[in-house]
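**Q** If you're matching them up, the sequences are chains A and B in order.
Offset between the first sequence (1-based) and my numbering: plus 3.
Offset between the second sequence (1-based) and my numbering: plus 2.
If you're looking for bench data, these hints aren't it; they were derived computationally from the structure.
Glycine residues also receive a C-beta, built at the ideal position from the N, C-alpha and C atoms.
Any given hint might turn out to be false.
Stated by the list, open to error - With a straight-line cut-off of 30 Å between C-alpha atoms, the simulated BS3-like cross-links for lysine-lysine are:
no., chain 1, residue 1, chain 2, residue 2
1, A, Lys-108, A, Lys-32
2, A, Lys-108, B, Lys-177
3, A, Lys-310, B, Lys-177
4, A, Lys-163, A, Lys-30
5, A, Lys-30, B, Lys-161
6, A, Lys-200, A, Lys-181
7, B, Lys-112, A, Lys-310
8, A, Lys-175, A, Lys-108
9, B, Lys-112, A, Lys-32
10, B, Lys-195, A, Lys-32
11, A, Lys-30, B, Lys-112
12, A, Lys-30, B, Lys-177
13, A, Lys-200, A, Lys-175
14, A, Lys-163, A, Lys-12
15, B, Lys-177, A, Lys-12
16, A, Lys-310, A, Lys-12
Claimed, not checked - What follows is a list of derived Cβ distance ranges for each label pair:
no., chain 1, residue 1, chain 2, residue 2, range
17, A, Leu-130, B, Glu-183, 46 to 56 Å
18, A, His-84, B, Gly-190, 46 to 56 Å
19, A, Gly-356, B, Thr-264, 50 to 60 Å
20, A, His-473, B, Arg-15, 16 to 26 Å
21, B, Glu-175, A, Gly-308, 49 to 59 Å
22, B, Ala-212, A, Asp-188, 49 to 59 Å
23, A, Gln-41, B, Leu-52, 48 to 58 Å
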Amino acid sequence: MQSTAHDFKHNVGEALADANLQDSLAKLKVGFSERRRQAAERLPEFEALRDAARDIKNHALANLDFYLEEFERKVVALGGHVHWAPTAADARRIIADLCRSVGAKTVAKSKSMVSEEIALNEHLEALGIAPIETDLGEYIIQLRHEPPSHIIAPAVHLTKDQVADTFLEHHKALGFSKRLTERNDLVAEARHVLREKFLKADVGLTGANFLVAETGSSMLVTNEGNADLSNTMPRMHIVLASIEKVIPTLEDAAVLLRVLARSATGQESSSYTTLNTGPKRRDDLDGPSQYHVVILDNGRSSVLGTKMQDMLRCIRCGACMNHCPVYGAIGGHAYGWVYPGPIGAVLTPQLIGVEEAGNLPNASTFCGRCESVCPVRIPLPGLMRHWREREFEHHLTPRTVRQGLAIWGYAARRPRLYRRLTGFANRLLALFGRATGRYRALPLAGAWTRFRDFPAPPSGGTFHAQWARHGGARTRP
Amino acid sequence: MSSSPSVSQTRPRRVALFVTCLVDLFRPSVGFAAIKLLEDAGCAVEVPPLQVCCGQPAYNSGDRATTRAIAAQVIDAFEGFEAVVAPSGSCGGMLAHHYPGLFDDDPAMKARAEDLARRSHELVSFLVDVLGVNSVAARFDGAVTYHDSCSGLRELGVKQQPRRLLSSVKGLELKEMATPEVCCGFGGTFCVKYPEISNAMVGEKSADIARSGADTLLAGDLGCLMNMAGKLQRQGSPVRVRHVAEVLADMAGLAAVGEPETKR
């Protein structure tokens, strides 16, 4: 996917002016966080489970080479294949070759953020292979030629009316000429259209929530069951997953599943949890005859053993974006690439470069709500700050910010000078603001006063001036 | 202020006030309110003269070297006090949680930073959790709503403490917002680096404040208060904005944030 992260400020302007988006975001902000809160409250051990989930992922990351090789051994023993993809281009090439090896014309895709990361659909289309998204949200945005705006709810930026218009436009040719207004009718129509496509697909491609080293299984959760059709109907099943998805055991998967759905949607578990363990065996009634797992690195391994490793614990529940007031204001597309919200602000600079995505870790108030709900306790604000430090070290911080900081820092390290400067500023602001108590406009503070008044200090001097004047005694103004 | 004398004998007496740069420059009354509350609770309060700022503007902009220099200055200035108290969860959190990590490569400074971190507190939680204060002798006739500033809430666990003390203020009625824990969009330099996003966030906050039906907004951090006051006043809202310490210290006779001073 082509990044527009460098154009973040422009994207923000468009997002804030988009009335449909703002309508959708208003619903998302209340819905997801309230359901997550209730789910967490219903489970007394939820906080302990978050600790356990964090520890499982930390252990897996500390021994990643071992568990990945173990996973590969198990998959091969089952008659499947593992393909290692150091880069996005490698993953695209491997998948395209696999598709061509069976003469595939269509690929039924269950939701996969990694496939967005490697821009798989565009690549397949260019080769004459039609990817068909089978997750309802992914299907909707595929019809609209849009990227997902949320990692678990890809079409969350759209209103029901927009979906109704999209379906009418694209399904008319299939004989659906009535504009639907009821949610259930829309789902039924999509189900009908998609069912035909499942039957025709030559290859099924899914992501994976977890790769279980102990059994060689890939594990997937959905609420629509589309993954199960994607991986059982076609002849070939390709799993596309990134390296950090591997975990040691099924027991570990059970712990992670318990925090995943609760954090994501507030469900106790997702409607469908599917384990794929190798290709169809001799006595199986159905299943793919070929089973391939493509494991992508794409820059992840370079953070192993560094302070940034914590970002690889992510289990893609979306709770951080559901609770982020910045995401809630601008939605996912403004972030400009595949992963939005707090985790996107941390991952994106790693995956496509901090020069391209430098705005993302800066566009946070560090309110900490993301960290407070993260099921694997990723210190998201700390990681964002780490990117800011990297930018500052490499002189990527905007010049005005650097200059302002340099002047302020110079004064802040010289308390006596600082007192004189603040004493002067205080008197000036108090004097000219006396009549109204605030400023509607203020030199050098345009970014503030464009939207807000600026409170003037009361007369009498700074705190330290008053304190010194009274000989360091308590005063009662 | 009532507090049990048995507690007071074992608790910190020599307390330093970390004024915060915003209180110093824009609202000195918050500093005096903090001193009154601490003195009423039996503390001897000092204001170390060489304090300036906690360093967050540099820290959150990625400038670690400047942050370290400022932190070292704060560590020096507040050496020897039993407790360091800030009328701000943001600055309190900086001292209590972030300073030690700045000196990972300097064990001697790290030890001093950790020592300061252990002694550092946000004002209202210090009163309640450390000093055991349960009530204040104050009167405020009005309906207030309380915004939970992010760092105080999530780094220092400031939530019930201000509400408990506010419930003892005569004449005061607390009307909660639907989402008092959602960020107001201030975020230090964030509000001027990304003014449009900040504006959207504070716009939502002001709508939530209006829906609460309160006539006064309180919080424990002046940055958030200036942001919310500025937005409310730009919108022509009648809601007045004050630091919680002013109400608890019975010093709410002063003009509210962003309001003109009346002749006294």
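**Q** Could you run down the list of hints and mark each one as holding or not?
**A** Hint check results:
no.: 1; hint: A:Lys-108 - A:Lys-32; result: violated (40 Å)
no.: 2; hint: A:Lys-108 - B:Lys-177; result: violated (62 Å)
no.: 3; hint: A:Lys-310 - B:Lys-177; result: violated (43 Å)
no.: 4; hint: A:Lys-163 - A:Lys-30; result: holds (12 Å)
no.: 5; hint: A:Lys-30 - B:Lys-161; result: holds (26 Å)
no.: 6; hint: A:Lys-200 - A:Lys-181; result: holds (21 Å)
no.: 7; hint: B:Lys-112 - A:Lys-310; result: holds (18 Å)
no.: 8; hint: A:Lys-175 - A:Lys-108; result: holds (23 Å)
no.: 9; hint: B:Lys-112 - A:Lys-32; result: violated (40 Å)
no.: 10; hint: B:Lys-195 - A:Lys-32; result: holds (24 Å)
no.: 11; hint: A:Lys-30 - B:Lys-112; result: violated (46 Å)
no.: 12; hint: A:Lys-30 - B:Lys-177; result: holds (24 Å)
no.: 13; hint: A:Lys-200 - A:Lys-175; result: holds (16 Å)
no.: 14; hint: A:Lys-163 - A:Lys-12; result: holds (28 Å)
no.: 15; hint: B:Lys-177 - A:Lys-12; result: violated (36 Å)
no.: 16; hint: A:Lys-310 - A:Lys-12; result: holds (28 Å)
no.: 17; hint: A:Leu-130 - B:Glu-183: 46 to 56 Å; result: holds (50 Å)
no.: 18; hint: A:His-84 - B:Gly-190: 46 to 56 Å; result: holds (51 Å)
no.: 19; hint: A:Gly-356 - B:Thr-264: 50 to 60 Å; result: holds (56 Å)
no.: 20; hint: A:His-473 - B:Arg-15: 16 to 26 Å; result: holds (22 Å)
no.: 21; hint: B:Glu-175 - A:Gly-308: 49 to 59 Å; result: holds (55 Å)
no.: 22; hint: B:Ala-212 - A:Asp-188: 49 to 59 Å; result: violated (38 Å)
no.: 23; hint: A:Gln-41 - B:Leu-52: 48 to 58 Å; result: holds (50 Å)
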